[in-house]
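Using the sequences and the accompanying hints, generate a full structural model.
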Amino acid sequence: MDKRIPTLAEAVAGIRDGATVMIGGFGGSGAPIELIHALIDAGPRDLTIINNNAGNGHVGIAALIEQGRVAKMICSFPRSADPRVFTELYKAGKIELELVPQGTLAERIRAGGAGIPAFYTPTSYGTDLAEGKPVEEFDGRMYVQERWLKADVALIKAELGDQMGNLTYRMAARNFNPLMASAAARTIAQVTKLVPLGGIDPEHVVTPGIFVQGVVEVANPKQEEILNREGAVYP
Amino acid sequence: MDKRIPTLAEAVAGIRDGATVMIGGFGGSGAPIELIHALIDAGPRDLTIINNNAGNGHVGIAALIEQGRVAKMICSFPRSADPRVFTELYKAGKIELELVPQGTLAERIRAGGAGIPAFYTPTSYGTDLAEGKPVEEFDGRMYVQERWLKADVALIKAELGDQMGNLTYRMAARNFNPLMASAAARTIAQVTKLVPLGGIDPEHVVTPGIFVQGVVEVANPKQEEILNREGAVYP
Amino acid sequence: MSNDLSALKLTNAQIAWRAAQDIEDGAYVNLGIGFPEMVARFQPEGRHAVFHTENGVLGFGEAPPEGEEDWDLINAGKKAITLRPGTAFFHHADSFAMVRGGHLDVAILGAYEVAQNGDLANWSTGHGGVPAVGGAMDLVHGARRVAVITDHVTKQGAPKLLERCTLPLTGVGCVTRVYTSLAVVDIADGHFVLREKIAGLTMEALQAVTGAELKLDGPVADLIVPEV
Amino acid sequence: MSNDLSALKLTNAQIAWRAAQDIEDGAYVNLGIGFPEMVARFQPEGRHAVFHTENGVLGFGEAPPEGEEDWDLINAGKKAITLRPGTAFFHHADSFAMVRGGHLDVAILGAYEVAQNGDLANWSTGHGGVPAVGGAMDLVHGARRVAVITDHVTKQGAPKLLERCTLPLTGVGCVTRVYTSLAVVDIADGHFVLREKIAGLTMEALQAVTGAELKLDGPVADLIVPEV
Numbered sequence: 001m002d003k004r005i006p007t008l009a010e011a012v013a014g015i016r017d018g019a020t021v022m023i024g025g026f027g028g029s030g031a032p033i034e035l036i037h038a039l040i041d042a043g044p045r046d047l048t049i050i051n052n053n054a055g056n057g058h059v060g061i062a063a064l065i066e067q068g069r070v071a072k073m074i075c076s077f078p079r080s081a082d083p084r085v086f087t088e089l090y091k092a093g094k095i096e097l098e099l100v101p102q103g104t105l106a107e108r109i110r111a112g113g114a115g116i117p118a119f120y121t122p123t124s125y126g127t128d129l130a131e132g133k134p135v136e137e138f139d140g141r142m143y144v145q146e147r148w149l150k151a152d153v154a155l156i157k158a159e160l161g162d163q164m165g166n167l168t169y170r171m172a173a174r175n176f177n178p179l180m181a182s183a184a185a186r187t188i189a190q191v192t193k194l195v196p197l198g199g200i201d202p203e204h205v206v207t208p209g210i211f212v213q214g215v216v217e218v219a220n221p222k223q224e225e226i227l228n229r230e231g232a233v234y235p
Numbered sequence: 236m237d238k239r240i241p242t243l244a245e246a247v248a249g250i251r252d253g254a255t256v257m258i259g260g261f262g263g264s265g266a267p268i269e270l271i272h273a274l275i276d277a278g279p280r281d282l283t284i285i286n287n288n289a290g291n292g293h294v295g296i297a298a299l300i301e302q303g304r305v306a307k308m309i310c311s312f313p314r315s316a317d318p319r320v321f322t323e324l325y326k327a328g329k330i331e332l333e334l335v336p337q338g339t340l341a342e343r344i345r346a347g348g349a350g351i352p353a354f355y356t357p358t359s360y361g362t363d364l365a366e367g368k369p370v371e372e373f374d375g376r377m378y379v380q381e382r383w384l385k386a387d388v389a390l391i392k393a394e395l396g397d398q399m400g401n402l403t404y405r406m407a408a409r410n411f412n413p414l415m416a417s418a419a420a421r422t423i424a425q426v427t428k429l430v431p432l433g434g435i436d437p438e439h440v441v442t443p444g445i446f447v448q449g450v451v452e453v454a455n456p457k458q459e460e461i462l463n464r465e466g467a468v469y470p
Numbered sequence: 471m472s473n474d475l476s477a478l479k480l481t482n483a484q485i486a487w488r489a490a491q492d493i494e495d496g497a498y499v500n501l502g503i504g505f506p507e508m509v510a511r512f513q514p515e516g517r518h519a520v521f522h523t524e525n526g527v528l529g530f531g532e533a534p535p536e537g538e539e540d541w542d543l544i545n546a547g548k549k550a551i552t553l554r555p556g557t558a559f560f561h562h563a564d565s566f567a568m569v570r571g572g573h574l575d576v577a578i579l580g581a582y583e584v585a586q587n588g589d590l591a592n593w594s595t596g597h598g599g600v601p602a603v604g605g606a607m608d609l610v611h612g613a614r615r616v617a618v619i620t621d622h623v624t625k626q627g628a629p630k631l632l633e634r635c636t637l638p639l640t641g642v643g644c645v646t647r648v649y650t651s652l653a654v655v656d657i658a659d660g661h662f663v664l665r666e667k668i669a670g671l672t673m674e675a676l677q678a679v680t681g682a683e684l685k686l687d688g689p690v691a692d693l694i695v696p697e698v
Numbered sequence: 699m700s701n702d703l704s705a706l707k708l709t710n711a712q713i714a715w716r717a718a719q720d721i722e723d724g725a726y727v728n729l730g731i732g733f734p735e736m737v738a739r740f741q742p743e744g745r746h747a748v749f750h751t752e753n754g755v756l757g758f759g760e761a762p763p764e765g766e767e768d769w770d771l772i773n774a775g776k777k778a779i780t781l782r783p784g785t786a787f788f789h790h791a792d793s794f795a796m797v798r799g800g801h802l803d804v805a806i807l808g809a810y811e812v813a814q815n816g817d818l819a820n821w822s823t824g825h826g827g828v829p830a831v832g833g834a835m836d837l838v839h840g841a842r843r844v845a846v847i848t849d850h851v852t853k854q855g856a857p858k859l860l861e862r863c864t865l866p867l868t869g870v871g872c873v874t875r876v877y878t879s880l881a882v883v884d885i886a887d888g889h890f891v892l893r894e895k896i897a898g899l900t901m902e903a904l905q906a907v908t909g910a911e912l913k914l915d916g917p918v919a920d921l922i923v924p925e926v
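Chains as they are written, first to last, in this note's numbering: chain A, 1 to 235; chain B, 236 to 470; chain C, 471 to 698; chain D, 699 to 926.
Calculated directly from the structure, the hints in this document are not laboratory data. Accuracy of the hints is not assured; some may be wrong.
With a straight-line Cα cutoff of 16 Å, these simulated EDC-like cross-link-like pairs (lysine to aspartate or glutamate) come out [unchecked claim]:
hint: 1; chain 1: A; residue 1: K3; chain 2: C; residue 2: D542
hint: 2; chain 1: B; residue 1: K457; chain 2: C; residue 2: E539
hint: 3; chain 1: C; residue 1: K549; chain 2: B; residue 2: E331
hint: 4; chain 1: D; residue 1: K913; chain 2: D; residue 2: E925
hint: 5; chain 1: B; residue 1: K457; chain 2: C; residue 2: D540
hint: 6; chain 1: A; residue 1: K222; chain 2: D; residue 2: E861
hint: 7; chain 1: C; residue 1: K549; chain 2: C; residue 2: E536
hint: 8; chain 1: A; residue 1: K72; chain 2: A; residue 2: D128
hint: 9; chain 1: D; residue 1: K776; chain 2: A; residue 2: D17
hint: 10; chain 1: B; residue 1: K457; chain 2: C; residue 2: E536
Far from chain A, by Cβ distances over 10 Å, these chain D residues were calculated [what the hints assert, rightly or not]:
hint: 11; residue: K707
hint: 12; residue: L860
hint: 13; residue: V870
hint: 14; residue: A897
Cβ atoms here follow ideal geometry from the backbone N, Cα and C, with glycine treated the same way.
Following this line, the structure appears as structure tokens:
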């Protein structure tokens with residue numbers, strides 16, 4: 001079994017118009033910038049993107065939105081230091097937004113990966129974000145029913161990876177990446193270092209390879225935060 | 236903050252009659268034998284015990300049952316190589332059994348730790364184990380509603396631990412231990428090696444200290460499997 | 471069951487061998503406790519399945535030599551296993567996320583009874599004893615392909631392939647293929663469809679020990695298995 | 699708001715200082731993005747809270763010197779943080795298990811409005827703009843104690859402590875204590891209960907800038923805060 005993919009272009013090949021794509025990262029940490037840029041180059045449109053945010057500056061998800069590829073964002077916090085791209089399209093009614101509380105977003109993705117079609121959470125009970133959702137009382141407290149989230153593809157960023165798809169992450173760059181890996185039909189991980197089988201201690205594997213379909217090495221990945229401080233624009 | 240507890244007796248002090256106690260381990264791997272034996276010595280009765288199994292031989296959970304301390308077992312597989320203790324009491328109607336499919340057991344405990352009061356699973360749909368439980372259709376498939384499981388106390392076994400309660404595990408001894416740590420009001424971990432703060436790489440922490448209230452070092456823990464092969468009996 | 475069938479029928483190892491031939495290279499596979507564990511021995515040359523065990527290990531190796539067991543490194547049957555390059559450990563909730571979330575390619579389980587609608591009964595004989603279910607109910611609703619390996623009939627000679635299960639169910643409509651000591655049978659649209667049978671066994675003899683109609687859909691191949 | 703109140707009122711740093719005094723040694727604490735983050739600076743001598751951030755870090759340290767940031771090591775506000783002995787990393791589902799599962803002792807959040815029944819509005823001004831909620835709705839239903847720090851009134855001088863929130867809610871009946879620029883107010887049984895107020899501020903003057911009745915239940919202490 002060898003899940004290594006030689007190039008970024010091959011890694012994102014086959015993502016079709018209208019696909020639902022989970023993209024890892026929280027702000028810039030853990031954002032698979034190179035995979036996102038390869039996705040821009042590949043050209044699919046009308047994408048539904050699931051990420052905590054809605055991009056920042058003019059790289060990564062912001063660039064994908066700026067290129068007009070995104071029909072809908074599912075996220076918890078579409079504001080950022082420089083969120084102009086999303087904001088302008090949103091106000092112009094040209095991009096759809098499904099706003100989800102952050103913990104509910106994480107849990108819905110985890111549920112998608114774990115085969116749990118629905119669960120109850122206290123989060124958002126009594127608020128606008130619970131509108132239209134079933135509610136139920138358990139042990140005297142009210143809860144909102146939330147549904148799983150799944151995707152056609154997940155694009156994630158990891159630190160170490162091996163050919164079976166076992167992955168580790170770097171510090172807070174872990175965030176949504178392991179969850180999304182489990183919830184997509186096809187998960188592509190860009191890894192900063194590809195190691196031989198056995199190069200990751202079995203105790204330290206965070207994402208077991210069963211959740212990963214492709215691994216592509218990007219040896220010196222760009223950090224969104226640094227790109228934005230440099231005023232980078234993609235393409 | 237220092238969660239270290241000097242002795243096993245102090246670690247299990249305060250567990251009262253009628254308490255619900257989660258005990259980590261799958262068979263002998265990850266079973267906190269020394270904590271269980273300390274619990275036997277401490278004397279509480281009418282306990283509800285949550286574990287995957289119902290003990291083996293005459294040590295650990297089997298010994299706890301044999302001493303008449305257990306009113307009810309919640310488990311998935313109360314059979315084992317030498318399950319005489321549970322079997323005899325069960326057939327005599329002297330111990331209650333709540334049988335839960337293994338994945339549902341794990342998920343119910345995780346839900347207890349994660350503040351999810353109920354969730355839906357395909358597991359057990361249409362079987363005797365779903366009797367009396369609400370069912371619901373999602374996307375054309377039927378699911379069973381399951382409730383969270385929580386406990387007053389969790390007794391778990393870890394490998395490394397620090398004074399803040401950060402823990403690692405050893406191989407397949409991880410199993411239910413991290414889940415139970417999150418689902419009990421009070422979690423006591425016996426650790427094979429207590430390390431100074433910073434002695435566990437932040438990337439390798441499996442159970443963050445927030446889930447742990449007490450840590451007691453048991454430097455050369457007994458393995459249930461080996462005790463049983465030796466024919467050990469406790470007390 | 472006639473003496474003829476007893477002479478013809480496959481051994482358990484041969485049933486496991488046959489089931490192993492259908493496992494693709496790189497497949498993620500869970501093998502039930504006991505007899506199904508034997509399937510791992512018979513992977514065809516050049517194919518490497520990745521084995522999952524409910525208690526939190528993926529990609530493990532075979533049993534260690536006696537005396538070299540590490541009892542913290544066991545499978546769901548509580549038998550000692552070994553590490554391989556690429557093994558990963560995880561907790562029980564993540565393990566059943568793999569199962570329930572549809573990440574396993576194949577689960578191979580034993581059976582008391584299998585019905586023509588795919589229902590499986592393999593956890594409770596229904597009378598007395600201590601009920602124990604383990605991970606079977608999760609596995610049957612998780613893996614993309616749920617196969618059963620079993621003797622074609624019970625020790626008393628009664629059919630195990632039935633129109634309808636009589637014992638408590640493990641899962642509803644979950645089994646898609648059955649490897650028995652006499653045949654390979656698919657389950658499709660609520661029917662048993664015969665794919666392979668022991669050479670020299672007549673359709674009539676096979677049907678006589680099967681509790682539901684064996685339909686035909688295309689040719690029936692000889693079930694040919696080496697001595698293993 | 700009168701000029702008098704402007705002269706009397708606490709600075710944001712002083713409000714944060716006051717809130718920090720109620721955090722026990724060893725408490726697990728989540729501080730909201732922005733102003734609430736300031737609370738971490740004012741831990742009393744000898745007490746060490748353990749700070750949690752939604753994006754998967756527990757037990758982190760303060761901001762690094764400028765130029766030494768590692769942008770993979772950030773908090774929920776996307777500001778750089780540092781490691782301490784005992785820090786742990788985990789993914790977002792585990793992070794919100796800590797929140798939703800009741801494992802945090804305290805969450806301290808900002809507010810647009812707080813109502814006397816404990817309702818909080820802090821995520822949407824209701825008109826236009828891009829709505830963004832982040833982790834606030836999870837935090838208000840997770841932590842054992844949910845406190846708010848806020849100016850007592852809006853920039854326009856309107857009360858922020860109200861009988862009923864007018865803006866979209868973050869959570870229902872979740873806030874138990876409010877630290878404002880003028881007072882410390884508990885929420886109990888559907889009422890604001892005044893605990894502390896700025897020395898020299900009359901009850902009448904305080905009530906005049908508060909949108910719901912301030913009840914008394916025991917003595918009202920002076921809200922005394924050092925220059926910070």
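Hints and how they fare:
1. Annotation: proposed proximity of K3 of chain A to D542 of chain C is violated, straight-line Cα distance about 30 Å (limit 16 Å).
2. At roughly 15 Å between alpha-carbon atoms, K457 of chain B and E539 of chain C fall within 16 Å of each other, so this suggested pair holds.
3. Restraint check: the Cα-Cα separation between K549 of chain C and E331 of chain B comes to about 28 Å, which exceeds 16 Å; the hinted pair is violated.
4. Of the supplied pair hints, the one linking K913 of chain D and E925 of chain D is violated, its CA atoms being roughly 29 Å apart against a limit of 16 Å.
5. The hinted pair formed by K457 of chain B and D540 of chain C meets the criterion: a straight-line CA distance of about 13 Å does not exceed 16 Å.
6. For the proposed pair K222 of chain A and E861 of chain D, the alpha carbon gap of about 50 Å is over 16 Å, so the pair is violated.
7. Only pairs whose Cα atoms come within 16 Å are accepted, and K549 of chain C paired with E536 of chain C is accepted, the gap being roughly 11 Å.
8. Of the pairs offered as hints, the one joining K72 of chain A and D128 of chain A is violated, with about 19 Å between alpha carbons and a cut-off of 16 Å exceeded.
9. Under the criterion of a C-alpha separation no larger than 16 Å, the hint pairing K776 of chain D with D17 of chain A is inconsistent with the structure, at around 32 Å.
10. At most 16 Å may separate the alpha-carbon atoms for a hinted pair to count; K457 of chain B and E536 of chain C exceed this at roughly 20 Å.
11. Consistency note on K707 of chain D: stated as away from chain A, and its beta-carbon is indeed over 10 Å from all of that chain's, at 28 Å minimum.
12. The Cβ of L860 of chain D lies farther than 10 Å from every Cβ of chain A, with a closest approach of about 16 Å, so its non-interface assignment holds.
13. Here V870 of chain D does not stay apart from chain A, with its beta-carbon only about 4 Å from theirs, under the 10 Å limit.
14. Every CB of chain A is more than 10 Å from the CB of A897 of chain D (nearest about 38 Å), matching its label as outside the interface.
In this structure, the hints that do not hold are numbers 1, 3, 4, 6, 8, 9, 10 and 13, in rising order.
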